Amino acid sequence: MNIDWAAIGQTFGVCLLATVGLVGLFTVGIVGTSRRTAVQGNGTATVTTAGSTAAAARFAGYAAFAVCTAAVGYGLYLITAG
Amino acid sequence: MEHVTLLIGIVIITALVFDFTNGFHDTANAMATTISTGALKPKTAVAMSAVLNLVGAFISVEVAATISKGIVDESGIQPEVIFAGLVGAILWNLLTWLAGLPSSSSHALMGGLIGAAVASAGIGAVHVDEVIVKILLPAVAAPVVAGIATVLATRLTYRAARNAEPDATAKGYRAGQIASAGLVSLAHGTNDAQKTMGVMTLALITGGVLAPDADPPLWVIASAGIAIALGTYLGGWRIIRTMGKGLTDIQPPQGFAAQTGAAVTILASSQLGFALSTTQVCSGAVMGAGLGRKGGVVRWSTATRMFAAWGLTLPAAGAVGAAAAVLAGQGSWGVPAVATIAIVSCAAIWVASRRKPVDHTNVNDLGDEPAGVVTDAVQSVSPPPARNGQEPADDDSATRPTSARASL
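Going down the list, the protein sequences come from chains S and R.
What the first sequence shows, in UniProt numbering, is residues 1 to 82, in sequence order.
What the second sequence shows, in UniProt numbering, is residues 1 to 408, in sequence order.
Be a bit skeptical, because a hint or two may be false.
Pulled from the structure, derived: some chain R residues nowhere near chain S, Cβ distances all over 10 angstroms [claimed, not checked]:
{"#": "1", "residue": "Ile-10"}
{"#": "2", "residue": "Ile-123"}
{"#": "3", "residue": "Ala-146"}
{"#": "4", "residue": "Asn-163"}
{"#": "5", "residue": "Phe-274"}
{"#": "6", "residue": "Gly-311"}
{"#": "7", "residue": "Gly-329"}
Covered stretches of chain R, as calculated for chain S (at least 3 residues, CB under 8 angstroms) [unchecked claim]:
{"#": "8", "stretch": "171-177"}
{"#": "9", "stretch": "226-237"}
Across the chosen pairs, the derived CB separations fall in these ranges [to be verified]:
{"#": "10", "chain 1": "S", "residue 1": "Thr-53", "chain 2": "R", "residue 2": "Asp-215", "range": "52 to 62 angstroms"}
{"#": "11", "chain 1": "R", "residue 1": "Ala-222", "chain 2": "S", "residue 2": "Tyr-62", "range": "40 to 50 angstroms"}
{"#": "12", "chain 1": "S", "residue 1": "Tyr-62", "chain 2": "R", "residue 2": "Ile-341", "range": "58 to 68 angstroms"}
{"#": "13", "chain 1": "S", "residue 1": "Ala-56", "chain 2": "R", "residue 2": "Arg-354", "range": "51 to 61 angstroms"}
{"#": "14", "chain 1": "R", "residue 1": "Val-140", "chain 2": "S", "residue 2": "Ala-81", "range": "20 to 30 angstroms"}
{"#": "15", "chain 1": "R", "residue 1": "Val-344", "chain 2": "S", "residue 2": "Ala-7", "range": "35 to 45 angstroms"}
Just so you know, these hints were derived from the structure itself, not from any lab.
As the structure is a computational prediction, the values presented were derived from the model and not from experiment.
Even glycine gets a Cβ: it sits at the ideal position worked out from N, Cα and C.
All chains, please: the whole structure from these sequences, using the hints.
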């Protein structure tokens, strides 16, 4: 019997990192792009600071979504090439 | 020759029937949480999964007799043996569907083939080491790997989004979940439809219709793809209910984390040479999502029945396959006799399922699933659910009294 412990360990590590990483990134995307409504709801007093933070968060959000889309594309590639 | 052709025809039809049961048995893997979080309507979800399964059947060219390679010695295999193995796999798939339990269709197929091979050619026809390395070990590893990854991912996403409005984020989570579910469906089409193609090709080769090492003809690819897509579209609603609602209550962030964990695990494991069963990966991810949310409860009574079904899949499908192989080997009436018994058994299971039908209209109503003693005990010592608005109003299903009777 030849159990490939290295393959098991590698699979476990890659699955853990990729899952947590992707879910984390996607959450950054969701939070970043949805905060806009919350800021608008807060009124106008903090518009300048909140506005720039919101813009940064929104940019980070879109960047995170872009990485997630690329990951989906890579997944598609793995399936079709496999 | 006449006889051989008829037998091969029966084997091919049986393989397509198995493919069909494989489809509706495994719809839940991609779509159960997608349906229970409301990301897609039930009918839309199964239609999307069916299309992706069909596409998946066509996109990969790497088709081989994956299912028997290494585990059963192909050289001595007769069409009767393949037929008997398929019958064992079909009956086990239908029984677990009746019970609403997600179990691996691939394991059922391997179990059936192993049982049939042992019955007709003796224990020497099976490579026991390969069985342990390729089936038992992955079966234990799959839910653990996917489960742990999903627990951490669920924790992370709830923590990171704790200040965001749940209503605003739910939409994004649902969209992400659909993408992950689509990947799972596509991967399923490529893997599982190919297994049936492999079996059909093997039958054609053993019957002398195809030359050894021949590629599967287009009609084999097309019919296998269509059979799995039809089965997927039919939707194994009983299993969908168990996975989407029965194991734990799934909210959009959990559904996204679970489906992403499943997609990543399936793709990564098959790339890294340690292929894991889709069903076990998805079930593990769903349980991980249940454990990852504060106040989330996994119904261990349901999970235990599911684990038991996993453990039984190989021996049970193997026993039926072995019995079918013995009967089919009795003479020219053997195969028709097995076919008749199989058809009658399938009809009986279907009739039994009609007593408590589950379909797209009631798939999200958690019947009268008992919470179970363990679940109640866990819940009584768990912290109360996080009240940040993420809780749906009807989140009382986990606290159902245990007096409710289990329906299988």
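Against the structure, the hints:
1. Non-interface call for Ile-10/R relative to chain S: holds, since the shortest CB-CB distance, roughly 32 angstroms, exceeds 10 angstroms.
2. For Ile-123/R, the requirement that its beta carbon stay farther than 10 angstroms from each beta carbon of chain S is met, with the minimum near 16 angstroms.
3. Not every C-beta of chain S lies more than 10 angstroms from that of Ala-146/R, the closest at about 7 angstroms, which undercuts listing it as non-interface.
4. Once the 10 angstroms rule is applied to beta carbons, Asn-163/R is inconsistent with being away from chain S; the minimum gap is 8 angstroms.
5. Distance to chain S contradicts Phe-274/R as a non-interface residue, since its nearest Cβ pair spans about 4 angstroms, not more than 10 angstroms.
6. For Gly-311/R, the shortest C-beta to C-beta distance to chain S comes to about 20 angstroms, beyond the 10 angstroms cut-off, and the non-interface label holds.
7. With a least beta-carbon separation of about 31 angstroms from chain S, Gly-329/R lies farther than 10 angstroms from that chain, consistent with its non-interface assignment.
8. A stretch counts as covered by a chain when three or more of its residues have a beta carbon under 8 angstroms from one of that chain; for the stretch 171-177 of chain R and chain S the count is 3, and the coverage holds.
9. Counting residues of the stretch 226-237 of chain R whose beta carbon lies closer than 8 angstroms to any beta carbon of chain S gives 0, which falls short of the minimum of three for the stated coverage.
10. Look at Thr-53/S against Asp-215/R: about 58 angstroms separates their beta carbons, and that is inside 52 to 62 angstroms.
11. For Ala-222/R and Tyr-62/S, the hinted distance range of 40 to 50 angstroms is satisfied, since their beta carbons lie about 41 angstroms from each other.
12. The given range of 58 to 68 angstroms is respected by Tyr-62/S and Ile-341/R, whose C-beta atoms sit roughly 60 angstroms from each other.
13. Between Ala-56/S and Arg-354/R, the C-beta spacing of about 58 angstroms keeps the proposed range 51 to 61 angstroms intact.
14. Under the hint 20 to 30 angstroms, the C-beta atoms of Val-140/R and Ala-81/S, about 29 angstroms apart, fit the expected range.
15. A hinted range of 35 to 45 angstroms for the beta carbons of Val-344/R and Ala-7/S is consistent with their spacing of about 44 angstroms.
Hints 3, 4, 5, 9 from the earlier list are contradicted by this structure; the remaining hints agree with it.
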